[in-house]
Every structure is written in structure tokens, then in C-alpha cells.
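A.B. asks: All residue numbers for the first sequence refer to numbering that gives the first Met the number 0, where the first residue is 0 and numbers rise by one.
Some hints could be false.
[Stated by the list, open to error] The list that follows gives simulated cross-link-like pairs (lysine-lysine, DSS-like), each with its CA atoms no further than 25 Å apart: (1) Lys104 x Lys73; (2) Lys283 x Lys40; (3) Lys172 x Lys72; (4) Lys303 x Lys26; (5) Lys9 x Lys328; (6) Lys172 x Lys153; (7) Lys355 x Lys40; (8) Lys350 x Lys7; (9) Lys84 x Lys3; (10) Lys26 x Lys350; (11) Lys171 x Lys104; (12) Lys355 x Lys340; (13) Lys108 x Lys171; (14) Lys40 x Lys3; (15) Lys84 x Lys73.
These are computed hints drawn from the structure, not numbers from a lab.
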Amino acid sequence: MSFKLIKKDKDTKARCGVLSTAHGDTKTPVFMPVGTQATVKTLSNEDLLRSGTDIILCNAYHLYLRPGEEIIKKAGGLHQFCGWKGPILTDSGGFQIFSLATLMKASDKGVGFSSHLDGSKHFLTPEDVIRLQRSFGSDIMMPLDECVHYPCSKERAADSLRLTTKWAQRSKKEHGLNARQLLFGIIQGSTYPDLRREGIEKLLEIGFDGYAIGGVSVGEPADLIYEIVDNATEYMPEDKPRYLMGVGTPADIFEAVSMGIDMFDCVIPTRNGRSGTAFTEEGKLVLRNREFSSDFEPIDRECKCYTCANHYRAYIRHLFNTDEILGLKLVSLHNIHFYAKLMDNIRTAIKTGRFKTFKEKFLKNYNS
RNA sequence: GUGGGUGUAGCUCAGUUGGUCAGAGCACUUGACUGUGGCUCAAGUGGUCGGGAGUUCAAGUCUCCUCACCCACC
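Kindly generate the complete structure, drawing on both the sequences and the hints.
C.D. replies: Following this line, the structure appears as C-alpha cells:
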């Protein structure tokens with residue numbers, strides 16, 4: 000289990016590498032489709048493989064609530080349960096507890112919250128969350144963290160960072176010398192560069208298999224996200240994978256890759272897919288729109304995905320217009336393929352020393 | 001034929017004793033969506049209030065005529 004840097008870009012901080020896990024290797028920079036409930040909504044594992052996906056993200060909070068730890072354990076772990084044979088990263092649920100559930104209290108001990116499903120009360124310690132992901136058999140585990148909203152006062156952000164750091168220490172201790180499952184540290188600190196830096200230094204002292212930037216894209220403007228990321232990657236170690244949590248749009252990904260980010264996850268391609276918005280190299284296409292009602296072209300002529308090989312825009316618009324579920328799947332499939340292909344192109348561009356040109360060309364052509 | 005009821009946006013309907021009464025929901029149109037419930041949110045296009053004539057400063061609202069549909073009784 001390791002992370003190998005293969006190539007560093009000469010013009011930007013972009014890099015290209017391979018992350019090895021117990022369930023296979025992943026080339027970076029990589030985009031991980033979000034499969035919160037142990038399924039990337041509307042897509043089968045075969046769909047994912049065919050669209051070039053090799054690692055997915057699941058969510059410990061959601062799976063803890065349903066179906067619960069016992070059932071997944073009985074199945075033989077998350078991979079057995081959902082049938083995905085490749086690497087799985089599980090998010091701790093920190094973000095969900097602070098956004099979805101009703102937070103009761105966050106203390107040194109852990110976090111008390113009320114389920115977003117039925118209001119039932121729960122209490123999880125950082126150790127619980129590690130044990131949960133251990134029994135899931137996650138390839139990459141994320142520790143419990145506290146995610147603050149934007150804007151956030153410096154005082155509040157500093158307090159929160161202290162809590163997240165303490166939890167990180169305890170998570171690492173609980174994780175021990177488990178080499179089969181990687182454990183990443185999560186950098187918080189809101190929009191304050193000095194807090195972010197302090198957070199990174201503390202995490203480095205503890206020592207993790209990778210480092211994630213959390214607490215971004217919580218309402219702040221895109222430029223501010225880039226500032227935070229650019230600053231953070233200055234202090235993140237070169238020899239460990241860097242993961243930007245919850246980001247982003249194709250433009251965000253280009254910027255973050257330029258700043259040295261290796262891993263991404265975001266609901267955008269699948270959520271937008273379910274609302275009929277497709278990604279293309281020219282920008283987003285809202286396929287629900289009337290202008291496509293008689294458009295007998297694929298979403299993207301150059302695209303090699305199943306959807307583009309077999310269906311017209313007019314048909315997809317019809318499916319959305321009539322609330323047929325196939326529409327959700329066809330556009331999700333295309334979007335996941337688009338993201339996978341985009342990352343593949345980015346990796347190739349970095350390897351061949353053409354990343355800067357590729358990025359400029361892409362962004363010039365892409366209407367965001 | 002007689003009596004009663006209903007006609008307001010594409011659909012289902014609110015609209016007090018005449019005076020911000022031209023409205024809602026859905027549909028439709030256009031956006032948004034960044035560690036996910038398929039949701040949701042925002043904005044927008046729709047109507048000579050079945051038609052006509054009166055009363056009044058003022059009429060979906062009151063009066064009369066008329067048309068359409070529904071119900072009951074002959």
C-alpha cells in the first residue's frame with residue numbers, strides 16, 4: 000500500500016501518480032463518483048467499470064444508519080455487500096452530521112446527533128467511526144471531523160480545528176498499524192490560512208497515509224476555495240496523496256489539479272445527471288430544455304459512452320419530460336464517463352508535459 | 001318542458017357584505033445544485049373571470065338575456 004509519484008508538471012504544481020490499495024491501484028489525479036448508500040445512484044457496477052471508474056466513495060454515516068454495521072459485517076464487508084471489487088473510500092460522516100442530521104452536541108468525547116431519517120438519537124466517538132469503517136473493510140478511511148459553515152468567525156474556526164485535531168489523534172490511535180486500510184487526515188480551519196497551516200502541521204505530527212482538505216465548498220465563492228487550496232498544498236507533503244473533499248466542477252478540478260490535488264469527489268456529475276444536466280467539452284447542457292425536443296444528435300458526438308452511442312438528445316429530453324427513470328441513468332452514465340475521461344486526459348497531459356496547454360484549451364472552450 | 005347547480009390560467013380550484021380580486025397548487029418555460037433521496041429551491045410565461053346588455057364613481061361579485069355542461073322531477 001503506497002502512493003507513487005510518477006510525474007510532476009513543470010509549469011504548475013500538478014502531479015500524476017498511482018495510489019495502491021488492498022483492492023487495486025488508482026491512477027491520480029482521480030475523480031471518485033459518490034455512492035453514498037453503497038451505490039452510485041442509478042448506476043450498476045458494470046456501468047461504472049465501463050465508464051472508466053476505478054474507485055468510488057461511500058458514506059459511513061448513511062450506512063451506519065441503514066442498513067447498519069451488523070448487516071454489512073454479515074455480508075463480509077462493504078465490497079461483498081455491494082459487489083464493487085475496486086477500491087472504496089468511505090467518508091466518515093462528519094460532514095453529514097453537521098449538515099444533514101440535527102447536531103445535538105460536539106465535544107471532546109464525540110458527537111451526538113439526531114438521525115435525519117427518523118430523528119433517533121445517536122452518539123459516535125472518533126473511535127466508533129474508525130471501527131465502523133474497519134468492519135466495512137474500506138480501503139481508505141476518513142476520520143470524524145467537524146465541518147464549520149461559511150462564513151465562520153476565526154475564534155469559532157480555531158475552536159473547531161482544535162476539536163478536529165484531537166479527534167484525528169484518537170482516530171489514528173484507534174487505527175493503529177492497520178496497513179490494509181489507509182487512513183487520511185482532514186484539514187480544517189475554514190478560510191483562515193494560518194489555521195489551515197496549523198491544522199496541517201498537527202496532522203503531520205500524527206502521521207497519515209494521505210491528507211484531505213475539508214470544509215470547502217460550503218458556500219464560499221470559488222476564488223476563495225482556490226486560495227485555500229493553493230495555500231494548503233504548499234504545506235502538504237509531496238509523497239502522500241492529497242484529496243480535496245466535495246469538489247467540484249470541471250473548472251474547479253483543473254484549478255485544483257494545478258495546485259497539486261490528486262483526488263476528488265463530488266455529487267455534481269450524478270446529481271446534475273439526475274436533473275437532466277449533461278457535461279460536455281463546451282459546457283453544461285440542460286437536456287430538459289425545449290430546444291432539444293427535436294434534436295436527433297447524441298449529447299456529445301465525440302463521446303464514447305453508452306448513452307451517446309445509443310440515444311438522441313430528443314429522446315433523453317422526452318424521458319425527463321415524462322419522468323421516466325431511464326433519463327436519470329442515461330445522463331448520470333454520460334456524466335460519470337465525461338469525468339473519468341476528463342481525468343484520464345488530465346493524467347496524460349501531465350505525463351506528456353502538456354498540462355498547462357491542455358488546461359487553457361479546455362477552459363477556453365468550456366462555458367461555465 | 002320545469003326546478004336547481006356549475007362555468008375564473010393548459011388542469012383542479014380559491015376569490016368575504018361590489019372597492020390592491022386577476023390568485024393558488026399542478027403543468028409548462030428558464031436557472032441553480034460542489035464529503036447526495038431521484039429531492040429541493042429561485043424566477044418566469046399563461047386568463048376581456050362562458051358570451052351579451054344593464055345598475056353603479058366602481059362588477060368574477062348585483063340584475064336581465066343567452067350559450068354549454070351536470071343533477072332532480074315531469
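A.B. asks: Does each hint hold? Answer for all of them.
C.D. replies: Evaluated hints:
For a cut-off of 25 Å, the pair hint linking Lys104 to Lys73 is broken: about 31 Å separates their Cα positions. For a cut-off of 25 Å, the pair hint linking Lys283 to Lys40 stands: about 20 Å separates their Cα positions. Note on Lys172 and Lys72: the hinted pairing holds, with a Cα-Cα distance of about 22 Å set against a maximum of 25 Å. A distance of roughly 21 Å separates the Cα atoms of Lys303 and Lys26; the hinted pair therefore holds under the 25 Å criterion.
Under the criterion of a C-alpha separation no larger than 25 Å, the hint pairing Lys9 with Lys328 is inconsistent with the structure, at around 39 Å. At roughly 29 Å between alpha-carbon atoms, Lys172 and Lys153 are farther apart than 25 Å, so this suggested pair is violated. The suggested pairing of Lys355 with Lys40 is violated, with an alpha-carbon distance near 34 Å, which exceeds 25 Å. The straight-line distance between the Cα atoms of Lys350 and Lys7 is roughly 8 Å, inside the 25 Å bound, and the hint therefore holds.
A hinted pair counts as satisfied when its Cα atoms are at most 25 Å apart, and Lys84 with Lys3 qualifies at roughly 22 Å. Taking the CA atoms of Lys26 and Lys350, the gap is about 12 Å. The hint holds against a cut of 25 Å. A C-alpha spacing of about 22 Å is found between Lys171 and Lys104, which places the hinted pair at or below 25 Å, so the restraint holds. A hinted pair counts as satisfied when its Cα atoms are at most 25 Å apart, and Lys355 with Lys340 qualifies at roughly 17 Å.
Of the supplied pair hints, the one linking Lys108 and Lys171 holds, its CA atoms being roughly 15 Å apart against a limit of 25 Å. The suggested pairing of Lys40 with Lys3 is violated, with an alpha-carbon distance near 31 Å, which exceeds 25 Å. Of the supplied pair hints, the one linking Lys84 and Lys73 holds, its CA atoms being roughly 17 Å apart against a limit of 25 Å.
Going down the numbered hints, you'll see the structure goes against 1, 5, 6, 7 and 14, while the others check out.
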